[in-house]
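Asks: As given, the protein sequences belong to chains A, B, C, D and E, one line each in that order. Following numbering that gives the first Met the number 0, the numbering of the first sequence begins with 0 at its first residue and continues without gaps. Following numbering that gives the first Met the number 0, the numbering of the second sequence begins with 0 at its first residue and continues without gaps. Following numbering that gives the first Met the number 0, the numbering of the third sequence begins with 0 at its first residue and continues without gaps. Following numbering that gives the first Met the number 0, the numbering of the fourth sequence begins with 0 at its first residue and continues without gaps. Following numbering that gives the first Met the number 0, the numbering of the fifth sequence begins with 0 at its first residue and continues without gaps.
Think of the hints as simulated: they come from the structure by calculation, not from any bench. Incorrect hints may appear among the rest.
Repeated chains share a single entry, so a pair holds when one copy, or any two copies, can fit it.
Stated by the list, open to error - Think about it this way: if two alpha-carbon atoms lie no more than 30 angstroms apart in a straight line, the pair counts; the simulated BS3-like pairs of lysine-lysine are:
#1 Lys139 <-> Lys31
#2 Lys144 <-> Lys74
#3 Lys74 <-> Lys139
#4 Lys108 <-> Lys60
#5 Lys148 <-> Lys108
As the structure is a prediction and not an experimental result, all values here were calculated from the model.
Here is how the chains run, residue by residue.
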Amino acid sequence: MVKDNGKIIGVADTMFARINMGEIAVETLGDKAKKEKIKIERYTVPGFKDLPVACKILIEKYNCDIVLACGWVGKEDIDEVCAHEANIGLIQAELMTNTHILKVFFHEKEAVENAQKQKEICIDRVHKHTLNALEMLDGKEALRKNAGKGKRQGYTDAGEIE
Amino acid sequence: MVKDNGKIIGVADTMFARINMGEIAVETLGDKAKKEKIKIERYTVPGFKDLPVACKILIEKYNCDIVLACGWVGKEDIDEVCAHEANIGLIQAELMTNTHILKVFFHEKEAVENAQKQKEICIDRVHKHTLNALEMLDGKEALRKNAGKGKRQGYTDAGEIE
Amino acid sequence: MVKDNGKIIGVADTMFARINMGEIAVETLGDKAKKEKIKIERYTVPGFKDLPVACKILIEKYNCDIVLACGWVGKEDIDEVCAHEANIGLIQAELMTNTHILKVFFHEKEAVENAQKQKEICIDRVHKHTLNALEMLDGKEALRKNAGKGKRQGYTDAGEIE
Amino acid sequence: MVKDNGKIIGVADTMFARINMGEIAVETLGDKAKKEKIKIERYTVPGFKDLPVACKILIEKYNCDIVLACGWVGKEDIDEVCAHEANIGLIQAELMTNTHILKVFFHEKEAVENAQKQKEICIDRVHKHTLNALEMLDGKEALRKNAGKGKRQGYTDAGEIE
Amino acid sequence: MVKDNGKIIGVADTMFARINMGEIAVETLGDKAKKEKIKIERYTVPGFKDLPVACKILIEKYNCDIVLACGWVGKEDIDEVCAHEANIGLIQAELMTNTHILKVFFHEKEAVENAQKQKEICIDRVHKHTLNALEMLDGKEALRKNAGKGKRQGYTDAGEIE
Chain A
0 MVKDNGKIIG
10 VADTMFARIN
20 MGEIAVETLG
30 DKAKKEKIKI
40 ERYTVPGFKD
50 LPVACKILIE
60 KYNCDIVLAC
70 GWVGKEDIDE
80 VCAHEANIGL
90 IQAELMTNTH
100 ILKVFFHEKE
110 AVENAQKQKE
120 ICIDRVHKHT
130 LNALEMLDGK
140 EALRKNAGKG
150 KRQGYTDAGE
160 IE
Chain B
0 MVKDNGKIIG
10 VADTMFARIN
20 MGEIAVETLG
30 DKAKKEKIKI
40 ERYTVPGFKD
50 LPVACKILIE
60 KYNCDIVLAC
70 GWVGKEDIDE
80 VCAHEANIGL
90 IQAELMTNTH
100 ILKVFFHEKE
110 AVENAQKQKE
120 ICIDRVHKHT
130 LNALEMLDGK
140 EALRKNAGKG
150 KRQGYTDAGE
160 IE
Chain C
0 MVKDNGKIIG
10 VADTMFARIN
20 MGEIAVETLG
30 DKAKKEKIKI
40 ERYTVPGFKD
50 LPVACKILIE
60 KYNCDIVLAC
70 GWVGKEDIDE
80 VCAHEANIGL
90 IQAELMTNTH
100 ILKVFFHEKE
110 AVENAQKQKE
120 ICIDRVHKHT
130 LNALEMLDGK
140 EALRKNAGKG
150 KRQGYTDAGE
160 IE
Chain D
0 MVKDNGKIIG
10 VADTMFARIN
20 MGEIAVETLG
30 DKAKKEKIKI
40 ERYTVPGFKD
50 LPVACKILIE
60 KYNCDIVLAC
70 GWVGKEDIDE
80 VCAHEANIGL
90 IQAELMTNTH
100 ILKVFFHEKE
110 AVENAQKQKE
120 ICIDRVHKHT
130 LNALEMLDGK
140 EALRKNAGKG
150 KRQGYTDAGE
160 IE
Chain E
0 MVKDNGKIIG
10 VADTMFARIN
20 MGEIAVETLG
30 DKAKKEKIKI
40 ERYTVPGFKD
50 LPVACKILIE
60 KYNCDIVLAC
70 GWVGKEDIDE
80 VCAHEANIGL
90 IQAELMTNTH
100 ILKVFFHEKE
110 AVENAQKQKE
120 ICIDRVHKHT
130 LNALEMLDGK
140 EALRKNAGKG
150 KRQGYTDAGE
160 IE
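Next up, chain A with everything else stripped away, as it sits in the complex (with noise of 0.2 angstroms):
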């Protein structure tokens, strides 16, 4: 089934991250975003707290629709700090635009001193958000049938309280 919908979706990463999870989004939209004819503009920026402007780019000068901000937090309480600024401008961005901004961030606090842990979590909470973007440009209920789930990225599922 071949729909060409126009979306196109931004995903904007760093320098600082330890890995590249702009390619991994590019990856994990890959085959979908080819038969649907979904669109992806990349934009890559020194540090996560470069990501709000940069997003806001993509939406006003680039046209996406919906735009993952992939960000890497390091372990310092100064990093942690940084993030709260960045999340805070990102929501902000979304406010501005009316568009969804899906926050993409690994805290290395996750596993400290664990890389290859690190970059696990990363890769599955990267692969796992860049899916929800795809579902979330067919409209406000398409994640419905997910609701109160318990749903995790970067994790297994916490489930619904039966």
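Model the placement of chains B, C, D and E on the given structure of chain A, informed by the hints.
Replies: For chains B, C, D and E alone, kept in the frame of chain A given last:
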């Protein structure tokens, strides 16, 4: 007494939640919404940080008169930081639209490791806030009768200090 | 001396509060408001995080010249975080409207587990801030006489350092 | 050398402060303001959280070219949170008006329980920032001579690292 | 290869800094800026909390295509809070202008009481971020080659996780 006030209530919820908070809101709206021909618009997003823009879209694109933003906050510190970001964004969305968004957030920290208690608090909170939303459709003085009464959602009321 | 200055004061309060703060404000406005034909507009919301948009509506829809935002903050840490969010929103609402919103917040932490003391501080604070609001209707220099005087609402004044 | 540059400096201060910070600013402006026909507009508000909108009004309604926002922060943790909110608001007001608002805040924590020391730091800070404001009226390069010089207001300069 | 791209880079710095960060940025821009006829606009302010509006003015009044915001953060907790406020403001300024402002902040906490180490980290950071700014003038894909490479400013790179 049937009135068709043409009002629309938005219900935004998440896949992250471990209870179908959106469904509880819709069920609570049930009879009254039907009798008064109040329309309901739902919007499901991945996590609660995606709620601000979803609520703003419900208001600006789907013409909602009031919105319930249903979020479930994990037990980690980082989850609390995210909830803080989401709430700042929700208040900002309210200011940009001059429309109320009731912030219906359950925090796992309220009942750590006790899933049944979590469910109980969460259901009570969604239920009561949904009733608040319905009353608020009647204007700025609809809740005055309860001013200073120590009302609580999720718990028994604290009551007025004599 | 009767003057009809056509001014409107907004009073926003909550169901969450354990004292009817809005009523105290209205009573304090009482005689003076009557003499000077100052109109009062009230708005009651569920909790203090709903105050920012309520105040903005009081200003933009009900033409208030100044607003009293009356909030009661619970004793838990999460309540303090919420108060922080509400205050950021209130300041933002002021900036969007070029209108003062006096932030009349009582925090249970000021007198933990002592309801009578809480009531006493809260009443004093609402009372004094209501009088501030009345004076501020007379313009930016009305309070200059008290500049640097260490004025406190809810407590006795700290006074000026000699 | 007399020049009439038609500039206006705003001075906003509070009743909460324990020193008449606004008066110190006005006195510091004194001779120079007189010589250069710089006009001064004052605005006194209850507390420092009321400063952001006061400064914005000074800029937009009273046409100030730069504003000194003079705040005195109490010694409690809640006071520091309030100062944080005020500063976020002041920066926001600057961004909305493209006009500098110098944030002249004294924190009691800088010299707990030592009123004379508090007064001394506060006066020095107001004084130096007032001189900064005067220089900044001459444009974006007026302070370049001091770039990287480790200048401090309220204390002796830290100086440049050799 | 000479090109006159008509680009303008803004450099904002402070009197508070203990190193002339703005000068280092200008020197780094040096040859390349000259060759490519890139114009430089400098703006010096008292402290880093004055940077957001300075950067916005550089963008809107001086037509800068990108700005380096150079801040030096003291070692006290209050300094870190101020840095947080400044960063929120800088991101907001970016969103209001759709223009990148690179946040080149050095924190004394990175090397407490070691002035030479502070200087070293700070110089490296300014230098690398200035080069980033130059590359970013070439558009959103100029930095893609470094995506996920664990790039660090002020330190050696963390590198990509294999």
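Asks: Taking the earlier hints as the rules, which of them does this structure contradict?
Replies: As far as the earlier hints go, only 4 is violated by this structure.
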